[in-house]
Amino acid sequence: MAFAAPKETYPGKVFQIAIGADQSAVFGGENVLSFHSFEGNAPNRPVIAYEIQDIPPEDWPETVRKVYEGVSGDPVTWAKHCQNELKAKAIALRLIGTHPDRENRSPEEAAKIVKDVLSSINIPLIILGSNHVEKDAAVLVAVAEAAKDKNCVIGKAQEANYKTIAAAAMANHHKLIAMSELDINLSKQLNILITQMGFDKEKLITDPMCSALGYGLEYTYSVMERIRLAALTQNDATMQPPMLGDVGMYVWKVKETQAPEADLPYWGSLEERGIAWETVTAGALMVAGAELLIMRHPRAVKAVENFIDELM
Amino acid sequence: MALSGVEIFKLLPKTNCKKCGHPTCLAFAMKLAQRQASLDACPDVSEEAKRILGEASAPPVRPITFGTGPKSVKMGEETVLFRHEKKFVNPCAFAVEIKDTTADSEIDGIVAAVAASEIDRVGQKLRIDAIFVSNASNDPGRFEAAVKAVAAKAPEVPLILSTSNAAAADAGLKIVADKKPVLFGADESNAEAMANVAKTYKAILGVSARGLDALAALTEKIKSLGVEDMVIDSGARSAKEIIENNTLIRRAAIKKNFKALGYPVITLAQREEGMLETLIATLGVAKYAAIVVLSKVEKWKNLALFTCRQNIYTDPQVPMQVEQKIYKVGEPTPESPLMITTNFSLTYFIVSGEVENSKVPCRLAVMDSEGLSVLTAWAAGKFTASKISQFILESGIENEVKNKELIIPGYVAILSGAIEDKLPGWKVTVGPREANGIPAFLKSRA
Ligand code: SF4
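First to last, the sequence lines map onto chains A and B. Residue numbers for the first sequence follow our numbering, so the first one is 3 and each next one is one higher. Residue numbers for the second sequence follow our numbering, so the first one is 766 and each next one is one higher.
Isolated chain B (complex conformation) (with noise of 0.2 Å):
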């Protein structure tokens, strides 16, 4: 929890020498305590007090990156429990394992399939963002042979390497040392170890433990050995267990400031089956997890799980609008119906689903009505007969369609003689009210 401004006081040298701009520590400390100062600003404050404000002031889930240059994962940082307070801030990583039991030409197919798993969603990359690469068969060797295949074929692509074999750790981080990998298998049996392996490469520590108390301490204790850097396992693999135990962390983090758990979450999620893997996932992604694990690369669930991070991580503060312009629904021809509707983004949505619904290629202008669906808009004085009749002057559109007809919505069709009178030379014609109307309205037309 971050300090009040006596408290903060308290640590300070009392002197009230004026040096850091204030005339007294307690003017100071209040200045600290709204975070509008530095504590670098006095230059007499001890080692001691720099410790536990520093401790106090620092972000509740420790930021780290993982990896390196263009392809590292940003985690950590998190401020709030619900999207709606405040926008997540670092979206999840989504890893998928190989076991080093696997065959070396499978495990190259595997990392194509990474390689190739980048998509274009709504202007943003998205793709599987790290290989988990596990020791099943727990020979150091083996391992060491498939973080060598594996880093080879995807030098850029972040690893996690998990081992709780100190020795196999070593062989495999050697691989990897500079690339800011994360070492996954610390537990309560080899902490001393893997600690060290982790500080000597400089590699993110993942740390296992059976239950929150015992996650805590086992942090805690590794802290003690010098690292800083960890992603933390509380042992949860049934849904159940991960809705409890990432709740609690976040929580504990955020609200208490408890920082031995104010770490990024690695949540496993591997299944048999990929449609329970996909929710498992797609909880992982809801409740709080940085790095979220998979058995297997597939398209079809690639695409869904991107498209629920992108959407969970979205700004929640940023109008609910679509820009202004005229949208190709299918591939239109100078032929097909030019439809107008508000830019609402739901109101978007809704229409163009049901007009791709339709399979006829469509012209949809999307008008800015602040983000009002069609009847507010409307009864707001946003949509109306000159709004649209200028929108559709100034888009140009008119050199682009054969007809110049406008399909407007059937809840607005009051509007069509204005619109008509606005645009010479335009037909105006009522569509359905309802978006679920458009693809029997369209197919009559066609």
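Chain A extracted, bound-state conformation (with noise of 0.2 Å):
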């Protein structure tokens, strides 16, 4: 019997979204499942942005922490030494700071560091609240503002506060995050919602919600290529923006990312592992769709870059 390759070809294609003031960071625009370049195009490496926020990381583990040693106290020294130490091509700002619970900074403050943190990088920047979602609602307006412009990404507006985050999005031209909690039908219904107020949904960015390897990662991985299968098969624009996998945040705070070897000797070396879980949480999701994500250990990052290198 002859083999005849069952390739596949789609209807759909996912939207390319540019963003930065010089449009340096380009993902998505494939019209195929997640590097199946051999059966259509896929014309845009995903983008890997390294996690920074306005606060010292505290509550970070030693191992990703102590990389961050003597830069991280403030966001500025921090931006600059991603972009030109590790070479970053991109930076998400976390505003952590802003929570309730932690500094409590008003949309002020975090306006002013988000400003003073633009004008001390020129690759592209993601802006993130606190996941309070009526602090984030202030703070994300101030800050879309304070940026207007610059081609960022805002994020995460959520059903219960997007009304506010994404019209700050569009009148100061922002990229926008849509997150929804590990549900199809809830991921389409926040875009349809946003873009009925008029936002551009080729600037939309959605976040199904990520989780760690061992803590749920089968969710997303499953939620991410569902989304990607209904975008190219049924042709669904709802679905058709491409997919963030918000990953440093979630595996950093695992048990295996900080239980030393010492109580733990068959879970082998903690510096290796925590590591490794950054790696192989980001590397599956990439393979289920994500075509932006957000990390935090260099090694990791680099170890993502080079899987890239070999699947492009």
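Hints were generated in silico from the structure; no laboratory data involved. Any given hint could turn out to be false.
Unchecked claim - 27 Å max Cα-Cα, derived DSS-like pairs, lysine-lysine:
(1) A:Lys257 x B:Lys1124
(2) A:Lys15 x B:Lys851
(3) B:Lys1020 x B:Lys988
(4) B:Lys986 x B:Lys967
(5) B:Lys1208 x A:Lys257
(6) B:Lys1020 x A:Lys9
(7) B:Lys1064 x A:Lys304
(8) A:Lys9 x B:Lys1005
(9) A:Lys89 x B:Lys1005
(10) B:Lys1005 x A:Lys304
With the hints as a guide, bring the two chains together.
Quick look at the structure:
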């Protein structure tokens, strides 16, 4: 029996997004499943952004905290370090210090930090709130204005607060992350609600919610695969924005990235284990469909970049 | 592809003798097509028809058991391309390579590491499943010695003997005959000789070719030589080739019922650099490998890969719930805080992760809310004051804690009074709304 390669072509494609004042980071745009360039177009590499935050990373575990020792005291130095030393392609600034249970910083303070960071780097910036629905609505509006016309990514808009955040992203010409909790229908519904406000669907990024290896990774993996299949096979525009894997935040709080080898000798080196946890989580989600990844450890980023080199 | 009723009918005797218990051959054919009858019921069917029908109804990826005894590994039998459609069936085996150029003392060390690799995770025993002994020396004597050393130290571990030299294959297989090993190394140049050795020792034959056309032609040739159990290698080594070839093989087998590629796939993932190797192996797990070969056993890498495999091979139909009970995070004392949340597995993962993060030992009461998150469960009437108080009372936790204090999620602050009414002697404290507020909350109380 002669072999005929069962290649697939699809009616739909993923929207391509370019971010940054100079549009230097481009992702999405494929009309096939991730890295299936053998049967269609996959023009862009996934983009990995280094995560930094507005306050020192005292809550990050040792393995990843120590690599930023001496630079993470203020976000400007930290951002410059990522750009200049680590050759980051993008930076994700998480304004965790605005959370009411943390430093409870005001929207104005957050806006100033964003301005300072933006004026010290020339790579694209992703600006994230603290995941407090009400506070994010106020903070993200202020920072979207402060970053006007810099073509940043603002996030995350959720069902409870999308209106104000999407309006601010639209008025100030930014891209927007829409996050819902691990359900393809919720994800679709939120994208519809946001586009019904007049927000351009081609400026959206879908965050179906990340989960770490061993802590629900398979849910994120399958929701991503299903969203991508809907985008391609059903040509469903509400499912066609590129997807985000917000990996670092979820990975660096699980036990496997923190428990010392002395306590769990059969788990092996804590350092390698933590990095592998972030690496595998990111790699698996990329294979499932994530085009934008937010990560913390430089060695994990490097490994995933090498993996992308091999995949493209 | 499965045959239609009419196609099957054409192969039957067409005598309508009713011996099969059906009024006509056509009626029987229709039942066969729906897999509601077995061909054995017709006594008069020809050998030729049996062969064609048997082939058409065989599972798309051939089921093969690799190794013998308690550590044997099932391969093949997969039915879908995406895990949300249906559970992936047989978790891939991880094999570690031992080159026969390795000193005997080092071989012992690797075999010991394989033996010690077993860990228990969420109730499953996970381990490095197999050893891939490769004939790097190209010397049959050295290969035989290496296989002997490995087999002596790890008699239960399934082995893959990798050599394209039929004399070396014979020398190695002699030692592990009856153990259903894989002989990996048949290619276009040595197919006959390797097929013969594999047949002699009843080994599974690992077949390599460059590209899928050549691979399909080669498996057909080897099958005609009388070897049925094969694992296949398309020559894919880079990540790009692995995703392409493994995807096309799985699709050909499942969607086209293309028999020449309907075999378990072996993916060689060895890399110099450990993190990159971990990623290539992750790709193998996600994209259809039945055996993934690694260069080294490392505990941290094992843990990450075992967990990844477990996640990918989890049954997607099982609801996203964890068992209702009072979980201990860290080593709580009678004075440690008691928190409550719902049994949506992600709620549980995130909340327990944050509690872990706080380094404050805790008891976490996880209540059955039919897999809903806190807000949804509350809105649906599954996380109410009466249900919470009943759960706490029935759990008997009262006898284990010193302070009768229950910390409830901030989102259901409204319930605190009602719970206190129903739990006499208890104090209800309102905790943070989002899980990420838990560490600060717990530390501030400590
Ligand atoms: S037993 Fe065979 S030949 Fe007789 S009716 Fe059934 S299918 Fe036809």
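Structure-based check of all given hints:
no.	hint	result
1	A:Lys257 x B:Lys1124	holds, 11 Å
2	A:Lys15 x B:Lys851	holds, 25 Å
3	B:Lys1020 x B:Lys988	holds, 22 Å
4	B:Lys986 x B:Lys967	holds, 18 Å
5	B:Lys1208 x A:Lys257	holds, 18 Å
6	B:Lys1020 x A:Lys9	holds, 11 Å
7	B:Lys1064 x A:Lys304	holds, 21 Å
8	A:Lys9 x B:Lys1005	holds, 15 Å
9	A:Lys89 x B:Lys1005	holds, 25 Å
10	B:Lys1005 x A:Lys304	holds, 18 Å
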